[in-house]
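> Produce the complete structure using the sequences and hints provided.
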Amino acid sequence: MVQAAMKAGRSLSRDFGEVQNLQVSMKGPGDYVSQADRKAEEIVYAELSKARPGYAFLMEERGAVEGEDAQHRWIVDPLDGTTNFLHGIPLFSVSIALERQGQIVAGVVYNPAMDELYTAERGGGAFMNDRRLRVAG
437 MVQAAMKAGR SLSRDFGEVQ NLQVSMKGPG DYVSQADRKA EEIVYAELSK ARPGYAFLME
497 ERGAVEGEDA QHRWIVDPLD GTTNFLHGIP LFSVSIALER QGQIVAGVVY NPAMDELYTA
557 ERGGGAFMND RRLRVAG
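Position 48 (the sequence shown) corresponds to 484 in this note's numbering; numbering is contiguous.
Heads up, a few of these hints could be off.
No more than 30 Å apart at the CA atoms, straight line, and that leaves these computed lysine-lysine pairs for DSS-like [claimed, not checked]:
(1) LYS486 to LYS475
(2) LYS475 to LYS443
(3) LYS443 to LYS486
Hints were generated in silico from the structure; no laboratory data involved. In this text, all values refer to a predicted model and were calculated from it rather than measured experimentally.
Spelled out as structure tokens, the structure:
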């Protein structure tokens, strides 16, 4: 999951520097999709399919992709913060979650512009890069 997010993030970083050259189309009211978004989704899909063949997907652009394993599903937003990305604001990320039997058990959020990697696993805590995050309650 981390590898997939970081590989897609590297692709987004390259495109972020060329944002004025990207082709952009409307996905819905006020919702844009770019070449970068689609390319990042393809990278995540390929990496996760290779790592865990048979898992299902719920993806922003492709929608639901059935898998042989009915217990597991990847939930992917390949470019969370598309509007920021398209306006040159470095607050965007690749977001991936793993759902097991209807419950989220792990997640990764990677902001390539800031090189911030957030990871969390049910029962294992949450981290930013390698630093454990503390929850105040």
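> Does each hint hold? Answer for all of them.
Cross-check of the supplied hints:
The straight-line distance between the Cα atoms of LYS486 and LYS475 is roughly 17 Å, inside the 30 Å bound, and the hint therefore holds. Distance check on the hinted pair: LYS475 and LYS443 sit about 11 Å apart at the alpha-carbon level, within 30 Å; holds. At roughly 14 Å between alpha-carbon atoms, LYS443 and LYS486 fall within 30 Å of each other, so this suggested pair holds.
The structure shown violates none of the earlier numbered hints.
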